[in-house]
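Sequences and hints are given; from them, build the entire structure.
Number of protein chains: 2
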Amino acid sequence: MLKCTSCEREYSLRNAYQRCECGEPLELELFKSVPGIGRRVWERFSGFFPFELRPELSLGEGDTPLTKAKKLSRELGVKLYLKNETLNPTWSFKDRGTYLGIHRALQLGFKKIGTVSTGNMAASVAAYGARAGLETYVLVSSDIAEEKLKALALYGARIIKVQGDYGEIYYKSLKIGREKGIYFINSDDPFRVEGYKSMSFEIIEEVTPDYVVVPTSSGGLFRGIVKGFLELKESGLIEELPCFVVVQAEGCSPICKAFNGGKEKIERFENPHTIAHAIENPYPPSGNGVLRLLRGLKGLCVTVSDEEILEAQRELGREGLFVQPASATGIAAIRKLREKGIIEDGKIKENSRVVSILTGSGLKTLSHVERGRIKECWLEELEECLGYR
Amino acid sequence: MLKCTSCEREYSLRNAYQRCECGEPLELELFKSVPGIGRRVWERFSGFFPFELRPELSLGEGDTPLTKAKKLSRELGVKLYLKNETLNPTWSFKDRGTYLGIHRALQLGFKKIGTVSTGNMAASVAAYGARAGLETYVLVSSDIAEEKLKALALYGARIIKVQGDYGEIYYKSLKIGREKGIYFINSDDPFRVEGYKSMSFEIIEEVTPDYVVVPTSSGGLFRGIVKGFLELKESGLIEELPCFVVVQAEGCSPICKAFNGGKEKIERFENPHTIAHAIENPYPPSGNGVLRLLRGLKGLCVTVSDEEILEAQRELGREGLFVQPASATGIAAIRKLREKGIIEDGKIKENSRVVSILTGSGLKTLSHVERGRIKECWLEELEECLGYR
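First to last, the protein sequences are chains A and B.
Heads up, the first sequence is in UniProt numbering, so the first residue is 1 and it goes up one at a time.
Heads up, the second sequence is in UniProt numbering, so the first residue is 1 and it goes up one at a time.
Mixed in with the good hints, there may be bad ones.
One copy or any two copies: either way a pair holds, since identical chains are not told apart in the list.
[To be verified] Derived BS3-like pairs (lysine-lysine); straight-line CA-CA distance at most 30 Å: (1) K150 x K161; (2) K111 x K347; (3) K112 x K68; (4) K265 x K375; (5) K340 x K70; (6) K257 x K32; (7) K70 x K150; (8) K298 x K375; (9) K298 x K233; (10) K257 x K340; (11) K111 x K70; (12) K180 x K70; (13) K180 x K150; (14) K257 x K70; (15) K79 x K336; (16) K233 x K112.
In case anyone wonders, no lab produced these hints; they're calculated from the structure.
Have a look at this one:
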């Protein structure tokens, strides 16, 4: 059964419902189960997923490292753990959701799938579509960067550049898809959300966090992570929920604007502009859903500037981790919450266990990276160049 | 004890020996042990490594997926398994070797490390150097592509572009490093080879291959994989060794030229030229070592053209895997060995279990990728663009 996250209206699983008639996203009920043994998170937590997951559709997503950040932990005065989602098959967290979404498409008998994306999700759906042998349509926005198109090309999907409002493409693709037999696995598809839960399960296998910090665009990832922790609590596997922190870029922060402004619903963010393109969605389809979760669970919503994002990206590099700008927002947010807090009791306490999600690889957005200082040297002078005489 | 792979002269582990006075590479003896339980390959196979491996130096390398290739298996008439090394912390297999190399540098008391690389290894050593808090020197060749410099920049290493023969830089860096206190973890460092063994251990946990196909440049990776299987055999964990296949690009194939020409030693390959830059080493430092292994173990050496490489890269894309050209060489080689064989009994038999190593991510070499056919469309016409009227 799928249930609306807002009005609680129920929908049968036999049809390809993705959103409620009221306009809000649908979601599966909470799963209660017991973890088992297994090499992969899909095996260990099989009782928490809506169907038996098929290894032949997998590309090896999930079971990513949780890396303790030494320097940043010291500097920020917390125990900082980085969930490194850049080590997924298409180098972003999207693969976990796509894996579940592909199962759903096949379960419903679809022969074609699609998605609407500016980058990470496009590559992910193209790859899993190829893997499953499905005809795959990827709708990209007309200003997509060349490097992102190239990262897609080899998977063989049908790529369509669409001129028009990005938010509208999302809704229109769902409608046309339903009519024409294409299952669009868009950003906050209910089954995509189920896939993202796996991250929470892996985190809890290694650490019990006080805070979980999530770069947030459409809201699908945040909803998935929260649902995972809720299921762990319902199943008696954890006693308390962590504090959930949504991070957005200052230049595109519709959720934080609504949350911190005490609004009931998000509004379209006008003239969005940030270097963190992966989270630059001015009208996120799960925005209201995220608002409800933040209110219900006393979460926090933090915005960070492009300058803070680039600084955090450099700092992660010094830990040995090269991430795309969107992934660095979490570090910038933690610094803000440590230094001043954003609301009265929103300050992260010293020595807290904080998990931040690194959503995608820095290789995906090389174009904005500066190559830095490079010394030129003749072989004969190598000794001197290495700083010695 | 380190032993020369050619003249068998022995060297103490107390000093930073990397190559024998005779010019050939050194290697640790074979380890015999029993696997245990553990989440990570470093734990499960801890008895096979020369020191206790420290989690705080790790970035989560290893334990990569072994993905069964459906379409290619069918097409090539073999059971094809792809070891996906693109899911390492810097998105290439180099991280396994760097992880061990860093331990070695610290064990010997070095405060500085370095490497000589055109791409993958540069990023890997820069990342692990940052992680360990060591001053890190990366020597790159003067014609390095801009995208590779950018992939390095954020780790904060000292990057030096060296004008001069790439092979000479390798030897000169080892010499200067020893004198000046910089441990150069170059391509076939004995401890790097120890790190690569872990791949063999993981493979054997999932499948017993008849063939293992290895894109080969310096020879370090090939030596590591072979050493891993030899240790598994010595330890009684496998009964027979697989057939090992070295793959090189036609435009830079010094090892295959010597092997298939019946030579004792490799010679410098003149005017190297291939799209697979990651394996474009005209005078590989472990070339003779690889020759000896191929002869001793009745291995095969196969060359493939740039055209075949690009075709194989596309085919891997259709399996959902986007790799750099060097990683696609294995598939091209398997096709060759299936169709005609390269020597009388070198033909891969039907239904053989074949493992091919996917060495690095396609995102690393986007510049040569063609963006393919892209349809442009107005939102209003989306329905028609999706192929319907």
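Results of checking the hints against the structure:
1. Within a single copy, K150 and K161 get their C-alpha atoms as close as 14 Å, and across copies as close as 27 Å, so both meet the 30 Å cut-off.
2. Taking the shortest Cα distances, K111 and K347 never come within 30 Å of each other, neither inside one copy (49 Å) nor across copies (37 Å).
3. With identical chains, the CA atoms of K112 and K68 are at most 30 Å apart between copies only, with a shortest distance of 23 Å across copies and 41 Å within one.
4. For a Cα distance limit of 30 Å, the shortest separation of K265 from K375 qualifies neither inside one copy, at 53 Å, nor across copies, at 36 Å.
5. Proximity of K340 to K70 under the C-alpha cut-off of 30 Å is restricted to the intra-copy arrangement: shortest distance 22 Å within a copy versus 54 Å between copies.
6. In this homomeric assembly, K257 and K32 never come within 30 Å of each other (Cα to Cα): the closest approach is 34 Å inside a single copy and 61 Å across copies.
7. Taking the shortest alpha-carbon separations for K70 and K150, only the inter-copy value of 24 Å comes in at or below 30 Å, while the best intra-copy value is 35 Å.
8. Proximity of K298 to K375 under the C-alpha cut-off of 30 Å is found in neither arrangement, the shortest distances being 51 Å within a copy and 45 Å between copies.
9. Proximity of K298 to K233 under the C-alpha cut-off of 30 Å is restricted to the intra-copy arrangement: shortest distance 16 Å within a copy versus 57 Å between copies.
10. In this assembly of identical chains, K257 and K340 lie within 30 Å of each other by CA distance solely inside one copy; the values are 19 Å within and 65 Å between copies.
11. Within a single copy, K111 and K70 get their C-alpha atoms only as close as 47 Å, which misses the 30 Å cut-off; across copies the closest is 18 Å, which meets it.
12. Taking CA atoms no more than 30 Å apart as the test, K180 paired with K70 passes between copies only; the shortest distance there is 28 Å, against 51 Å inside one copy.
13. For a Cα distance limit of 30 Å, the shortest separation of K180 from K150 inside one copy, 28 Å, qualifies, whereas the shortest one across copies, 43 Å, does not.
14. For the homomeric pair K257 and K70, neither the shortest alpha-carbon distance inside one copy (33 Å) nor that between copies (48 Å) is at most 30 Å.
15. Only within a single protomer do K79 and K336 lie at most 30 Å apart by alpha-carbon distance; the minimum there is 16 Å, versus 52 Å between protomers.
16. In this homomeric assembly, K233 and K112 never come within 30 Å of each other (Cα to Cα): the closest approach is 37 Å inside a single copy and 47 Å across copies.
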